[in-house]
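Visitor: For reference, the chains in residue letters:
2 protein chains.
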Amino acid sequence: MSVIEKTAAVVTPSEARQSADAAAQIERREGAKVMTSWQTGRAARDARIAAGAGLAHGKIVEAKDATRLLEAVIRPGDRVCLEGDNQKQADLLSRALLAVDLSRVKDLHMVQSGVVLPEHLDLFDRGVAKRLDYAYSGPQSARIARMLFGGKIELGAVHTYLELFARYFIDLTPHVALIAAVSADREGNLYTGPNTEDTPTVVEATAFKDGVVIAQVNEIVEKVPRVDIPADRVQFIVESDKPFFVEPLFTRDPAAITEGQILTAMLAIKGIYAPYGVQRLNHGIGFSTAAIELLLPTFGERLGLKGLIATHFALNPHPALIPAIESGWVRQIHSFGSEVGMDEYIRARSDVYFTGPDGSLRSNRAFCQTAGLYACDMFIGSTLQIDLQGNSSTVTTSRIAGFGGAPNMGADARGRRHPSEPWLKAGAEADPDSPAPLRRGRKLVVQIGETFGDKNVPLFVEKLEAIELAEKLKLELAPVMIYGDDVTHIVTEEGLANLLLCRTAQEREQAIRGVAGYTDVGRRRDRNMVACLRERGVIRRPEDLGINPLDADRSLLAARSIKDLVRWSGGLYSPPSKFRNW
Amino acid sequence: MSVIEKTAAVVTPSEARQSADAAAQIERREGAKVMTSWQTGRAARDARIAAGAGLAHGKIVEAKDATRLLEAVIRPGDRVCLEGDNQKQADLLSRALLAVDLSRVKDLHMVQSGVVLPEHLDLFDRGVAKRLDYAYSGPQSARIARMLFGGKIELGAVHTYLELFARYFIDLTPHVALIAAVSADREGNLYTGPNTEDTPTVVEATAFKDGVVIAQVNEIVEKVPRVDIPADRVQFIVESDKPFFVEPLFTRDPAAITEGQILTAMLAIKGIYAPYGVQRLNHGIGFSTAAIELLLPTFGERLGLKGLIATHFALNPHPALIPAIESGWVRQIHSFGSEVGMDEYIRARSDVYFTGPDGSLRSNRAFCQTAGLYACDMFIGSTLQIDLQGNSSTVTTSRIAGFGGAPNMGADARGRRHPSEPWLKAGAEADPDSPAPLRRGRKLVVQIGETFGDKNVPLFVEKLEAIELAEKLKLELAPVMIYGDDVTHIVTEEGLANLLLCRTAQEREQAIRGVAGYTDVGRRRDRNMVACLRERGVIRRPEDLGINPLDADRSLLAARSIKDLVRWSGGLYSPPSKFRNW
Chain V
1 MSVIEKTAAV
11 VTPSEARQSA
21 DAAAQIERRE
31 GAKVMTSWQT
41 GRAARDARIA
51 AGAGLAHGKI
61 VEAKDATRLL
71 EAVIRPGDRV
81 CLEGDNQKQA
91 DLLSRALLAV
101 DLSRVKDLHM
111 VQSGVVLPEH
121 LDLFDRGVAK
131 RLDYAYSGPQ
141 SARIARMLFG
151 GKIELGAVHT
161 YLELFARYFI
171 DLTPHVALIA
181 AVSADREGNL
191 YTGPNTEDTP
201 TVVEATAFKD
211 GVVIAQVNEI
221 VEKVPRVDIP
231 ADRVQFIVES
241 DKPFFVEPLF
251 TRDPAAITEG
261 QILTAMLAIK
271 GIYAPYGVQR
281 LNHGIGFSTA
291 AIELLLPTFG
301 ERLGLKGLIA
311 THFALNPHPA
321 LIPAIESGWV
331 RQIHSFGSEV
341 GMDEYIRARS
351 DVYFTGPDGS
361 LRSNRAFCQT
371 AGLYACDMFI
381 GSTLQIDLQG
391 NSSTVTTSRI
401 AGFGGAPNMG
411 ADARGRRHPS
421 EPWLKAGAEA
431 DPDSPAPLRR
441 GRKLVVQIGE
451 TFGDKNVPLF
461 VEKLEAIELA
471 EKLKLELAPV
481 MIYGDDVTHI
491 VTEEGLANLL
501 LCRTAQEREQ
511 AIRGVAGYTD
521 VGRRRDRNMV
531 ACLRERGVIR
541 RPEDLGINPL
551 DADRSLLAAR
561 SIKDLVRWSG
571 GLYSPPSKFR
581 NW
Chain F
1 MSVIEKTAAV
11 VTPSEARQSA
21 DAAAQIERRE
31 GAKVMTSWQT
41 GRAARDARIA
51 AGAGLAHGKI
61 VEAKDATRLL
71 EAVIRPGDRV
81 CLEGDNQKQA
91 DLLSRALLAV
101 DLSRVKDLHM
111 VQSGVVLPEH
121 LDLFDRGVAK
131 RLDYAYSGPQ
141 SARIARMLFG
151 GKIELGAVHT
161 YLELFARYFI
171 DLTPHVALIA
181 AVSADREGNL
191 YTGPNTEDTP
201 TVVEATAFKD
211 GVVIAQVNEI
221 VEKVPRVDIP
231 ADRVQFIVES
241 DKPFFVEPLF
251 TRDPAAITEG
261 QILTAMLAIK
271 GIYAPYGVQR
281 LNHGIGFSTA
291 AIELLLPTFG
301 ERLGLKGLIA
311 THFALNPHPA
321 LIPAIESGWV
331 RQIHSFGSEV
341 GMDEYIRARS
351 DVYFTGPDGS
361 LRSNRAFCQT
371 AGLYACDMFI
381 GSTLQIDLQG
391 NSSTVTTSRI
401 AGFGGAPNMG
411 ADARGRRHPS
421 EPWLKAGAEA
431 DPDSPAPLRR
441 GRKLVVQIGE
451 TFGDKNVPLF
461 VEKLEAIELA
471 EKLKLELAPV
481 MIYGDDVTHI
491 VTEEGLANLL
501 LCRTAQEREQ
511 AIRGVAGYTD
521 VGRRRDRNMV
531 ACLRERGVIR
541 RPEDLGINPL
551 DADRSLLAAR
561 SIKDLVRWSG
571 GLYSPPSKFR
581 NW
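Residue numbers (the UniProt record's numbering), protein chains in the order written: chain V, 1 to 582; chain F, 1 to 582.
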């Protein structure tokens with residue numbers, strides 16, 4: 001009630017009338033200056049552009065003048081979006097920003113989805129930036145943790161992508177956006193190429209709220225292959241000396257898939273995809289889901305599931321999905337971003353992917369996240385830690401990787417109003433007693449992994465390190481990736497736990513312990529209760545699903561190497577050199 | 001397990017290897033034809049464009065040829081998005097589509113957010129269209145109900161906007177989009193004007209998945225004021241004989257606001273906005289929320305709340321908000337669409353609204369719905385019926401109005417990971433026992449209205465007519481607008497019920513009955529339990545909040561007429577003639 005305490009007694013009608021009329025009078029007197037006094041943002045924007053114009057020929061600024069341009073356009077304390085995506089990086093502009101004169105540019109509030117380049121954090125070390133709101137920081141996760149503990153970064157929040165994009169339009173609107181594109185024409189029309197990613201969203205929020213948009217481009221051309229961003233939303237173009245940095249984040253070498261992962265993939269296909277009839281879905285980027293993609297044309301084909309499952313995806317162009325696509329499993333894929341080496345394959349498979357008039361992929365993270373939220377019936381992915389309530393996190397006390405899209409896709413959209421078979425079946429399992437027309441469905445949210453992950457670190461823990469981190473950093477929310485009450489299934493090599501069928505917190509805990517294998521969490525199970533959960537079908541072992549663990553053989557993979565994927569693609573997929581061993 | 005039953009026994013590794021290699025061989029043999037056989041959509045799109053080209057000069061087709069164009073481009077059974085927004089209508093194209101030769105165009109699957117014009121339903125009467133997936137049908141709600149009962153329409157689902165947009169990218173991608181814009185240049189660049197609304201979303205889903213985009217425009221110009229849609233996403237332009245239809249849906253005449261609505265507005269401001277400190281929010285379009293907007297500069301000012309509440313909105317340009325804006329309450333507004341008559345005011349208040357380089361509003365329904373979902377702490381709106389569990393619906397057995405954005409904004413986003421004071425406070429009230437760092441917040445979802453609404457129809461009912469409708473139409477989901485477990489507060493002239501503080505279904509029911517006034521639901525309350533809920537602060541009467549119902553006087557409204565709003569705007573707001581009585 002803090003706000004209320006400050007307030008006077010309730011107003012009387014006469015007082016109110018006076019204040020209303022007074023305000024109206026002031027307004028009428030000020031009528032004349034309104035046009036100027038209510039367009040301060042517009043005026044400031046024009047001043048920023050004018051300040052930068054001296055360095056530009058038309059909209060084009062030479063790379064060597066990039067830092068001076070940023071010094072001219074950016075003001076201390078500005079909210080700046082330095083793109084900063086999951087894959088594509090405006091690396092030239094990040095280096096240019098790092099070099100600014102601190103007397104002119106400092107204490108910036110960075111609002112960018114990806115904190116990926118060392119420069120992104122150097123900005124905070126140098127004092128160019130002060131506050132951070134972000135979504136993903138994979139490669140910088142260890143350093144960002146150290147800097148948060150060291151107080152080098154004032155943390156706003158760790159968001160899921162769509163959540164950060166939402167705030168761009170409400171309370172985190174950028175003053176300046178520093179973006180990356182493949183090419184620009186002299187008017188400033190931009191071609192992003194396949195990695196459109198966040199760019200249209202960042203530009204829309206900035207350009208239409210009196211902000212300034214500066215783009216680095218790989219080249220300036222007479223005519224762009226397609227217009228991803230119209231020229232009138234872009235104020236300055238910097239031609240880069242080399243192409244922007246983009247990382248192949250979604251390439252999983254089939255050669256690295258273990259038989260344990262193959263077993264979990266078999267359990268998922270036969271124990272979840274098949275009985276729920278999951279057709280619209282998103283896959284995480286782990287090896288277990290890559291194994292699922294590679295088992296569809298073999299194990300899935302034999303189960304007669306072609307056309308019945310995994311037909312529509314919200315997914316990046318995973319190379320591991322090539323065999324399933326070539327075998328006719330996949331009807332349509334909408335993508336958040338692209339993947340290095342997949343360009344020619346995508347171009348030749350336009351029936352499957354979203355492509356532009358130029359033939360190359362058009363990705364869009366905002367729309368694909370929206371699709372993952374509202375139009376998919378399942379999210380399946382991996383995590384680092386799962387606790388006894390089923391809460392999971394990729395955050396540890398030494399690594400703050402961020403969440404990316406998992407929180408958005410790893411929960412049921414309560415605004416959803418269209419039914420589908422998998423969604424209704426999951427809802428009925430969770431809530432058998434509600435009257436059908438009032439019973440909501442549930443999105444399938446599946447966590448898949450081996451009980452002991454990388455370096456034999458147990459997947460299951462009594463307490464998430466994320467909670468310890470929250471206490472240390474005094475965060476109001478522990479950085480949980482997916483909350484236990486949103487998870488519907490957990491799959492490990494020991495079996496499949498259907499949490500939708502658990503009726504008490506205790507059953508839930510034992511269902512989790514019951515698939516936690518030889519981890520401490522697994523060994524502390526209540527054997528009788530786990531046995532009874534298995535009888536009820538809450539826990540299902542491989543044999544319960546007619547799967548012989550000995551059949552979990554690498555030869556089940558439709559492709560066993562990157563080279564196999566190239567072959568499947570008819571030579572259209574050209575993997576980055578780091579994945580080539582031939 | 002239906003799918004599983006069809007399946008053979010699990011494959012052996014050797015079988016799998018054979019199938020994998022076989023598939024790979026087939027692929028290699030077919031390598032040559034890949035380029036064609038996987039681009040059927042692209043080829044079909046080119047054929048559609050070629051078929052229409054004969055009627056076009058460049059991309060421009062005369063209005064008289066519109067029907068022939070649609071006959072040339074559209075195929076039987078196509079998924080067609082006929083825009084079809086909340087406000088803006090591609091009316092010329094809807095008339096043109098209605099006139100097609102049924103031997104060439106029929107059985108279309110309409111996927112459009114708004115079913116607003118009579119022609120939208122005439123299409124089904126004539127057999128041009130067969131199946132419908134939509135989100136909102138305000139003015140056609142009675143007829144659409146009759147046609148559903150009559151089997152004239154095969155219903156997909158009634159969505160919330162963002163949900164339908166999501167499906168555009170997964171399983172409801174349009175083959176053809178028929179859209180509306182203000183102007184086009186000869187290349188086909190489009191200017192939507194302030195009512196951008198759904199257009200960028202519809203065009204993105206269609207143009208980048210081998211679809212055809214046809215735009216009706218009010219005029220063809222040398223240069224568009226700004227590029228809302230780039231030319232390479234648009235195949236045909238039809239110049240309309242008159243401007244597209246757009247309805248002023250968000251204009252509420254202050255003269256029509258009742259003292260009962262003013263009282264509910266006072267209760268909401270002092271009982272919810274103030275104690276939670278709600279700054280980021282969305283308002284529904286009812287008169288009670290219009291009253292809240294008009295009380296901010298008077299009642300709100302006296303409570304000392306300026307700057308502490310209602311600073312950032314996801315909201316259309318409501319004329320009723322003008323006095324609050326002029327009084328310095330509102331920092332920023334992002335809009336779904338625009339509002340007739342507000343153009344000059346918005347242009348002159350660019351500090352508040354999102355505007356383009358041309359100075360006019362840039363709205364965007366997809367991004368504003370995303371903002372309402374993830375970046376707002378409160379949704380407050382009205383409904384037609386509320387049942388004993390708190391489920392609400394605007395659907396009755398005789399009217400199926402659709403949900404628009406309410407389901408999306410009227411629920412907590414479970415993917416949300418950023419804290420805010422109101423969200424955390426609501427979460428703590430709902431779940432006081434969870435450990436803080438693992439406790440999630442809750443969005444405030446408020447239903448506000450008088451116990452007896454239009455024509456003295458009671459707001460509270462024992463059973464929603466939506467359930468009856470679901471039974472009659474054999475729908476798998478009753479058309480519930482907002483589910484009871486998502487509602488946090490109900491406000492009527494009798495008082496305020498905080499459902500977050502209810503611990504049992506029974507308490508919840510009595511809290512609802514306790515503010516249901518003299519409706520049957522209200523009269524059947526358990527007086528002792530209601531008294532005890534009031535002692536606990538679950539129910540709060542006006543006097544509990546220091547509000548004297550006699551002060552709920554129309555003179556509290558900052559503007560009491562449309563003319564007052566014009567005066568507040570300094571003459572910048574020019575209301576449509578139907579709202580002018582001077």
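Honestly, the hints are just simulated from the structure, not real lab data. Accuracy of the hints is not assured; some may be wrong.
Pairs count within a copy or across copies, as identical chains cannot be separated in the list.
To be verified - Pairs of lysine-lysine residues, derived as DSSO-like cross-links and limited to a Cα-Cα distance of at most 27 Å, are as follows:
{"#": "1", "residue 1": "Lys455", "residue 2": "Lys425"}
{"#": "2", "residue 1": "Lys130", "residue 2": "Lys578"}
{"#": "3", "residue 1": "Lys425", "residue 2": "Lys472"}
{"#": "4", "residue 1": "Lys463", "residue 2": "Lys64"}
{"#": "5", "residue 1": "Lys563", "residue 2": "Lys130"}
{"#": "6", "residue 1": "Lys242", "residue 2": "Lys425"}
{"#": "7", "residue 1": "Lys563", "residue 2": "Lys223"}
{"#": "8", "residue 1": "Lys474", "residue 2": "Lys563"}
{"#": "9", "residue 1": "Lys306", "residue 2": "Lys578"}
{"#": "10", "residue 1": "Lys106", "residue 2": "Lys130"}
{"#": "11", "residue 1": "Lys472", "residue 2": "Lys563"}
{"#": "12", "residue 1": "Lys472", "residue 2": "Lys306"}
{"#": "13", "residue 1": "Lys64", "residue 2": "Lys152"}
{"#": "14", "residue 1": "Lys152", "residue 2": "Lys578"}
{"#": "15", "residue 1": "Lys223", "residue 2": "Lys578"}
{"#": "16", "residue 1": "Lys130", "residue 2": "Lys223"}
{"#": "17", "residue 1": "Lys242", "residue 2": "Lys223"}
{"#": "18", "residue 1": "Lys563", "residue 2": "Lys64"}
{"#": "19", "residue 1": "Lys306", "residue 2": "Lys152"}
{"#": "20", "residue 1": "Lys306", "residue 2": "Lys242"}
{"#": "21", "residue 1": "Lys106", "residue 2": "Lys563"}
{"#": "22", "residue 1": "Lys578", "residue 2": "Lys472"}
{"#": "23", "residue 1": "Lys472", "residue 2": "Lys223"}
Visitor: For each hint, tell me whether it holds in the structure or not.
Guide: Do the hints match the structure? See the list:
no. : hint             : verdict
1   : Lys455 to Lys425 : neither (38 Å within a copy, 41 Å between copies)
2   : Lys130 to Lys578 : neither (36 Å within a copy, 52 Å between copies)
3   : Lys425 to Lys472 : between (41 Å within a copy, 22 Å between copies)
4   : Lys463 to Lys64  : neither (51 Å within a copy, 70 Å between copies)
5   : Lys563 to Lys130 : neither (46 Å within a copy, 48 Å between copies)
6   : Lys242 to Lys425 : neither (52 Å within a copy, 50 Å between copies)
7   : Lys563 to Lys223 : neither (36 Å within a copy, 51 Å between copies)
8   : Lys474 to Lys563 : neither (48 Å within a copy, 52 Å between copies)
9   : Lys306 to Lys578 : neither (33 Å within a copy, 58 Å between copies)
10  : Lys106 to Lys130 : within (8 Å within a copy, 60 Å between copies)
11  : Lys472 to Lys563 : neither (46 Å within a copy, 57 Å between copies)
12  : Lys472 to Lys306 : neither (49 Å within a copy, 35 Å between copies)
13  : Lys64 to Lys152  : neither (29 Å within a copy, 66 Å between copies)
14  : Lys152 to Lys578 : neither (34 Å within a copy, 59 Å between copies)
15  : Lys223 to Lys578 : neither (33 Å within a copy, 48 Å between copies)
16  : Lys130 to Lys223 : neither (39 Å within a copy, 42 Å between copies)
17  : Lys242 to Lys223 : within (20 Å within a copy, 34 Å between copies)
18  : Lys563 to Lys64  : neither (41 Å within a copy, 57 Å between copies)
19  : Lys306 to Lys152 : neither (52 Å within a copy, 34 Å between copies)
20  : Lys306 to Lys242 : neither (44 Å within a copy, 51 Å between copies)
21  : Lys106 to Lys563 : neither (48 Å within a copy, 48 Å between copies)
22  : Lys578 to Lys472 : neither (39 Å within a copy, 61 Å between copies)
23  : Lys472 to Lys223 : neither (53 Å within a copy, 57 Å between copies)
Checked against the numbered hints given earlier, this structure breaks hints 1, 2, 4, 5, 6, 7, 8, 9, 11, 12, 13, 14, 15, 16, 18, 19, 20, 21, 22, 23; the rest are met.
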